[in-house]
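Engineer: Work out the full structure: start from the sequences and follow the hints.
Number of protein chains: 2
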Amino acid sequence: MTGVRIAGTGHTHFGQFPERTGRDLFAEASDGAIEDAGVERGEIEELLYGNFMGEVAEDQGHQGPLMAEVAGVNAAATRYESACASSGVAVREAVRNVRNGEVDVVLVGGAERMTNLGTAGATKALSIAADELFEIRAGMNFPGAYALMANAYFEEYGGSREDLAHIAVKNHANALENDHAQLQREITVEDVLEAPPIAEPLGLYDACPISDGASAMVLVSDEYAEANGLDAPIAITGTGQGGDRMALADREYLARTPAAADASSEAYADAGIGADDVDVAEVHDCFTIAEVLAIESIGFYEPGEGIAAARNGETTADGDRPVNLSGGLKAKGHPVGATGVSQVIEIASLLTGEHINSDAVPDAEVGLVHNAGGTVASTTVHVMEVVE
Amino acid sequence: MTGVRIAGTGHTHFGQFPERTGRDLFAEASDGAIEDAGVERGEIEELLYGNFMGEVAEDQGHQGPLMAEVAGVNAAATRYESACASSGVAVREAVRNVRNGEVDVVLVGGAERMTNLGTAGATKALSIAADELFEIRAGMNFPGAYALMANAYFEEYGGSREDLAHIAVKNHANALENDHAQLQREITVEDVLEAPPIAEPLGLYDACPISDGASAMVLVSDEYAEANGLDAPIAITGTGQGGDRMALADREYLARTPAAADASSEAYADAGIGADDVDVAEVHDCFTIAEVLAIESIGFYEPGEGIAAARNGETTADGDRPVNLSGGLKAKGHPVGATGVSQVIEIASLLTGEHINSDAVPDAEVGLVHNAGGTVASTTVHVMEVVE
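Residue numbers (numbering that gives the first Met the number 0), protein chains in the order written: chain A, 0 to 387; chain B, 0 to 387.
Heads up, some of the hints might be wrong.
[Said to hold, decoys possible] Covered stretches of chain A (chain B as the covering partner; in silico rule of three or more C-beta atoms under 8 Å from a C-beta of chain B):
id	stretch
1	76-84
2	91-97
3	129-138
4	192-202
5	241-250
[Claimed, not checked] Take a look, some chain B residues computed to stay more than 12 Å from chain A by CB distance:
id	residue
6	34
7	58
8	61
9	82
10	131
11	153
12	230
13	265
14	319
[To be verified] Covered stretches of chain B (in silico footprint by chain A; criterion: 3 or more residues with CB under 8 Å from a CB of chain A, positions within the stretch not fixed):
id	stretch
15	240-250
16	368-382
What the hints contain is simulated information worked out from the structure, not anything from laboratory work.
Note that this is a predicted model, so its numbers are computed, not measured.
All C-beta atoms, glycine included, are put in the ideal place defined by N, C-alpha and C.
Structural biologist: Structure follows, in structure tokens:
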């Protein structure tokens, strides 16, 4: 078994680009990653590509070979779909395939075109990540689902809209100078509380925006990196994936996310570390409450204590447990299929000291990425470490 | 590295079941596979699930965790999509994950609900497997695309509609007693030639039907099979995947399918065998011309010679090179996401002597499965062998 290194990364700005196709976005990200890695396109043995709603937003399935063509890569290509964790599962399979010697050089990425659908259209398209028969037909959508989870959390552990508002404020502050980010502006707790409600207790500023964008990276084996003198100081050292029942009504708790707990336990065991070894994390904050559930599921906090961490500022850039220094989905944006790989890219640059917010974690050597699908019915977690 | 065994299989009848949901179909197939394998559900570590058009046909994405729930499996689950090769890519990843020791027991399967869309609706839905911007908007659909490939083949190598008709007749004959098959009736060359044209030179009987159905199997490591005394005499010993440009206009040839040639070369090398070692094959005959291209791409015939093989009856049940003894997609049916795993299941039962057509290949020890996506922009090939 070999180690798995990040040889290069590419990332579009996340934002509203309704005139850009998914292929146009992925061309930019994949070009960037391949150029950054300094590998020849002919060396790339596979493309693992995450996309969620291409069938709905662009009438385009079978995006594996399409995006390989766009990237100029003549190789086997597969599209992975696990709702908002689509490129997270692509990363996981890429890590397994590289470390097991199936391949030495792979391109992993994702893209999503969403804003062409408009906000209502995109919200409807996102709903196919929930249970169509038993949730969507009954009127559920994702703001509604996460509102149920927030209310269940408040009921079980306490907490308030204002507590959650601190998460939105923090993530906007983190995104201010992140070139990838869609929402580069400061907001206040008052702004969040005064925003229009979308599903009580969540308001508009508790939700991530609808976004277009793409991300890509080249992963290589240790041996390949060494043999080719690549600058690849960051390794993905642990991978985990968990699953849960689709419909909220079928779950035992709404205030916990066992799929994410399973994924993080597996990733920690795989990397041979524990939660206390992690210096910095990017977690899946599609809604503010999702960040609370995430930081508990990855073992940063006990169940019920994540909300106090937000309230007390422990997860801010200068807190003890910085979370979402990129701005998270909340402020960086969430072009669904691009998010999982984007999170890995943010952690990689935080660990190498090249991120705009690296100053907040000057000694960071271990990072974690938590990427969740739907109402956390699927989750991948990856552990990353500085190895050079 | 361990060997990968088929411990159990499950398969619905393929046909027109517009009232059955994808989850209902997969429940039947997965139940069958798990019961046949004789493993406890708690032993299953992953579900790898192929589905192509769930977003369009059922407004349902994120089918990994949904289908895990349906199968009663509490484990990580991922949906793979590569058009008509969707469960082929799931098989490939499952094989890699088992043989590399990532997991010991996995459920692999696929399902598709299509006939609820009607023939025109399903044909439109299938078109998302081609290039939306540069093919579909110009009026292309899959009958049209394969008609172009057939005409290119005829122009380059010769051949006629009547030659292709023999393939349809053969595959219908093979399906007659296959309980899985949608079209269990004999047809004649005249029937094929007199059928309404759908895209010249192809007529209605050159095309596979629109189908609903599901398939599933349990794969285990050699060690697990031995430790648990499982009856698992068939191993998947080679895997390959190839890719090509999406749009036909971007390809050098229309009369060859290099993605399939690449996939079969890789699978043969992986298994340490050659085309001449293969006793029986299931190939992706979504149209009659597709079977010709397939049997050439897997090395059964040189380019340009596959059409004569069909004409001369070499690929019939009592020919030298029996192909699609199940009836193929043409007569068994083609519920897209179920097809790749269904093909593996057919070969497994042919090799164990339990298939209705096993008598045609009494000494068969090596089988091959060819599963193609779109206009063969993606392909997986697997080699299977009797090991006990």
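Engineer: Hint by hint, say whether it matches the structure.
Structural biologist: Evaluated hints:
1. Only residues whose C-beta sits within less than 8 Å of a C-beta in chain B count toward coverage, and the stretch 76-84 of chain A has 7 of them, enough to reach three; the restraint holds.
2. For the stretch 91-97 of chain A, the proposed coverage by chain B is satisfied: 3 residues have a C-beta within less than 8 Å of a C-beta in that chain, meeting the threshold of three.
3. Restraint check on the stretch 129-138 of chain A versus chain B: 5 residues with Cβ-Cβ distances below 8 Å, three needed, restraint holds.
4. Under the rule that three or more residues need a Cβ within less than 8 Å of chain B, the assignment of the stretch 192-202 of chain A is violated, with 0 such residues.
5. Taking a C-beta to C-beta cut-off of 8 Å, the stretch 241-250 of chain A contributes 6 residues in contact with chain B, enough for the three needed, and the coverage statement holds.
6. Against the 12 Å criterion, residue 34/B stays outside the reach of chain A, whose nearest CB is about 22 Å from its own CB.
7. Not every CB of chain A lies more than 12 Å from the CB of residue 58/B, the least distance being 5 Å, so the non-interface label is violated.
8. The beta carbon of residue 61/B is not kept farther than 12 Å from every beta carbon of chain A, the shortest such distance being approximately 4 Å.
9. For residue 82/B, the condition that its CB be more than 12 Å from all CB atoms of chain A is violated, with the nearest at approximately 4 Å.
10. For residue 131/B, the condition that its CB be more than 12 Å from all CB atoms of chain A is violated, with the nearest at approximately 4 Å.
11. For residue 153/B, the non-interface assignment is confirmed: its Cβ lies about 26 Å from the closest Cβ of chain A, beyond the 12 Å cut-off.
12. For residue 230/B, the shortest C-beta to C-beta distance to chain A comes to about 28 Å, beyond the 12 Å cut-off, and the non-interface label holds.
13. For residue 265/B, the non-interface assignment is contradicted: its Cβ lies about 8 Å from the closest Cβ of chain A, within the 12 Å cut-off.
14. Its beta-carbon lying about 31 Å from the closest one in chain A, residue 319/B satisfies the requirement of being farther than 12 Å from that chain.
15. Closer than 8 Å: that is the beta-carbon criterion, and the stretch 240-250 of chain B has 7 residues meeting it against chain A, so the requirement of 3 holds.
16. Given as covered by chain A, the stretch 368-382 of chain B passes the check, having 4 residues with a CB less than 8 Å from a CB of that chain where 3 are the minimum.
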